[in-house]
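Peer 1: Mind docking chain R on chain A? Use the hints.
Residues per chain are reported as follows:
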Amino acid sequence: MSILIDKDTRLICQGITGKAGEFHSKNCIDYGTNMVAGVTPGKGGQTALGLPVYDTVVEAVEQQGANASMIFVPPPFTADAILEAADAGIKVIAAITEGVPVLDMVRVYNRIKDMDVHLIGPNCPGIITPEACKMGIMPGYIHKRGKVGVMSRSGTLTYEAVWQLTNLGLGQTTCVGLGGDPIVGTSFIDLLKMFQADDETEAIIMMGEIGGTAEEEAAAFVQEHVTKPVAAFIAGRTAPPGKRMGHAGAIISGGKGTAEEKITALEAAGIEVAQSPADMGEAVVRAMKRAG
Amino acid sequence: MKIHEFQAKGLLRDAGIAVPDSVVARSPEEASAAFTKLGGPIAVVKAQIHAGGRGKGTIKGNPDQRGVQLVKTADEAAAVAKNLLGNELVTIQTGPEGKKVQQVLVEAGCEIDRELYLGIVVDRGCGMPVLMVSSEGGMDIEEVAANTPEKIFKEPFCPDAGLQGYQVRKLCHRLGLTGATVRSAEKFMRGLCKLFVQLDASLAEINPLVVTKSGDVIALDAKISFDDNAMFRHAPLAELRDLSEENPAEVRAGEAGLSFVQLEGNIGCLVNGAGLAMSTMDLIKLHGGEPANFLDVGGGAQVDAVTEAFRILLSDKNVKAVLVNIFGGIMRCTTIANAVLEAYKQVGFNVPLVVRLEGTEVEEGRKILEQSDVDIISAEGLTDAAKKVVAAAGAA
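For the record, the sequence lines run as chains A and R.
Using the working numbering, the first residue of the first sequence is number 1, and each one after it goes up by one.
Using the working numbering, the first residue of the second sequence is number 1001, and each one after it goes up by one.
A couple of the hints might just be wrong.
Said to hold, decoys possible - In the BS3-like style, the derived pairs of lysine-lysine whose C-alpha atoms are separated by at most 27 Å in a straight line are:
{"id": "1", "chain 1": "R", "residue 1": "K1367", "chain 2": "A", "residue 2": "K144"}
{"id": "2", "chain 1": "A", "residue 1": "K19", "chain 2": "R", "residue 2": "K1367"}
{"id": "3", "chain 1": "A", "residue 1": "K113", "chain 2": "R", "residue 2": "K1154"}
Source of the hints: derived by calculation from the structure; they are not laboratory data.
Isolated chain A (complex conformation) (with noise of 0.2 Å):
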């Protein structure tokens, strides 16, 4: 199995017309995912990359049996566009836009937290399960099927962390970027909850950064529930405090949030640290290896 989405998964794209939209979708599909329609209000009635467009999500569920779909609608719409497709009764969401009202965010988070639907992003590279189904913007090519689990704050410390896995021979079961924005719809927890129950998955890695307390709260809950090995990585061990968090931001977290508190955390948690970015595909070996 995997986790999220697999070759049933039945995909649209909200955004299909536009131009990151239409170039990502082509490449889904010649990833060999199972691309149904696209959704783009207004041009219902056309087709894209020969897939139809609706106007709506709903026509592209009652019509193609869609139930996953990737958002790459401007800033502005993004919010109506996810609660269009939660409405809609999509189940897997990935918000790939960049650049989101963190307000709007608010409103959709508390709106769809008790709904049967798992919303990746905004912000986000996507969500791939390889050699089944592609929803995002991630490179293709790096992905290889196999056993770990991957998880990550970051798009392209995704990509890294992955073409290492790859090359060493170790392929991954799901691939998961929840978004750089301050309010995300996944956490690390609902992540790790799916993979520990995931057969497939006999080790997971999560890649994190620097700011909030997902990744303690994360520490505290492997230690708790996760039995497969996990090995971690945090970006940002060198960067200057204060730069993008404003004062009070670092209160909410009770001071909480530098690289080495968290590093602390996951390894108090029995969690292998990547000391390097380089070395983050070694350091699931260890995991594993530690774990026998």
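Peer 2: Relative to the frame of chain A, chain R by itself:
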């Protein structure tokens, strides 16, 4: 986007949130007139710069002049304004070079009974905006959080329903505010929460929030920052931006849609993705080098923007070598390769350029560079790239 204290107070005043009377002055004469206009026995002259710690900060070359000073006469107001205006104020947040004071705020004094802290941010943990208050007003709130976190009280609120009355009453109870002060606090807190949402703020901080001797709650200082991603729906706010407060290279990068932070080292970095950009900095340090900047070209940047990124990097005199580290996803390696050629044509490379390409359209991108006459040190993988650029910077 950050704004000045006087601008933040203007927004508060327009929203009916209590602030002291004040007048902005850009010359000693204006400061003198402002004191007279305010009519009080005392006033406070406050330097306006985008940095905290002004009260303890001092003017460069004049260590007796602090950034905030109480005055008792119009002449005194003019004298303080003269010391501040046109000079650099150095605070714990400005760095040793300080920031030039271009205007002062002359503000009516008030009789202070208590100083509190109030802040609003969006909390990643609960996915909501959160109002925080503390009895420790005027203090560095990060210190309070680290040493006495029990003195900070938080209430999350829904952006559309806003902060509720019972939440205010609870916070007032925690702070020991009673009677008419509770009503004044309610107007203040609910008003500020509403304004935070209306303006798509990312931070609103009132430190100190003052309870006057007559029991009113009033903002003695005000700091507001806005969510850059939401500026498209707040055109009037854009006029409040003060470009002279920002790093010129960072402004230039922002205009090209690039995320850029100036640092102290000598290795210029051009990377796609914030996580990889931070990791690239980490890696350079790990191999004994010092990054000159953080630069994330993002995913959607076209050749023009990436060429501008090269121009910004190469205009930094400290830069002795440049590392291009691209793992293409939404960004295509061909875009980067074409930008390298374009930058070479337009500005030339006066320092060694190490390029590591991987990801979307990597073969095509590498081919473009190989077939060009640009002198490039190509690298395979992260460690190789870091070692080569550190060596190149060291040799230069």
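Peer 1: Decide if the proposed pair is consistent with the structure: A/K113 and R/K1154, CA atoms, cutoff 27 Å inclusive.
Peer 2: holds, 22 Å
Peer 1: Quick one, are R/K1367 and A/K144 close enough, alpha carbons at most 27 Å?
Peer 2: holds, 25 Å
Peer 1: Measure nothing beyond the straight line between the CA atoms of A/K19 and R/K1367; if it is 27 Å or shorter, mark the hint as holding.
Peer 2: With Cα atoms ~24 Å apart, A/K19 and R/K1367 stay inside 27 Å; holds.
Consistency note: the structure conflicts with none of the earlier hints.
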